[in-house]
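With this note's numbering as the guide, the letters of the sequence shown map in order to residues 18 to 274.
If you are wondering where the hints come from, they were derived from the structure by calculation, not from laboratory data. There could be a bad hint or two in this list.
[Claimed, not checked] Distance condition first, Cα-Cα at most 30 Å in a straight line; then the derived DSSO-like pairs of lysine-lysine:
(1) K80 with K63
(2) K246 with K232
(3) K78 with K63
(4) K149 with K232
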Amino acid sequence: MANEKSQTTVALSRTGDVASIEFSSPDGINIFSSRVVGELGEAVEKVATDAQARFVVLRAKGKVFLAGADIAQMQRFTQDEALAFARKGQSVFDALERLPQVTIAAISGHALGGGCEVALACDFRLTVATAKFGQPEVRLGLIPGWGGTQRLARYVPLGMARRLLFSGEQITAEAARALHLVDEVVADAAELEAAVQRWVTLLTPGSPAAVKHLKRAMLSGDEAGEFAKCFVGTEAREGTTAFLEKRAAGWTQRPPA
């Protein structure tokens, strides 16, 4: 694999039931290289089995959330290396999408290329007003390789997805919200953290096990099968009993994935 220039690192931590996967770089511009994709994959694999984590928040330090792939590394790819790079990223982003926890992308700067793709693999996207979004690969003679051609059209109309992909156009945070590409736009980084907490509070009353089955049903289409699986554990009984007794449900810790 060609040499990389990215200095971006990935750190996993948890406070209470909220896990954080944070990207950082000395120059404040976070870039995906093959190594960074691998580090993200390791973090996703670890958090998937953390029974204490109900939420996973993707964050980034610096002026750019994620600027995409390491072009210096990609520029010398052979076809086989390019295929391996794309397959690796797809595997990691698919694993992120399949996490049993609620995932939130806290977007503190531009999310372009692979940065937009990783945000699309999360359940919710919260962003600062100054961020821009786009898939500029076509202007480099490339296409998205980590699910962008597929996930983008789930959130925006197909015609708009074509426009963004075929043109490489970047759009503002407000335009992204109008397209339902992001869920909330806030003024700055401080408000972004407050927004994350609001969403955690909003989503906390739901059953962790039910959320897991909801996500699986939405990805697989097997709604009946996932509905039936709700009755394997204790949370369906607890939830229905709490409803009948007119009290709040007392959920157990999240079951293993």
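- Does the structure break any of the earlier hints, and which numbers would those be? Result: no hint breaks.
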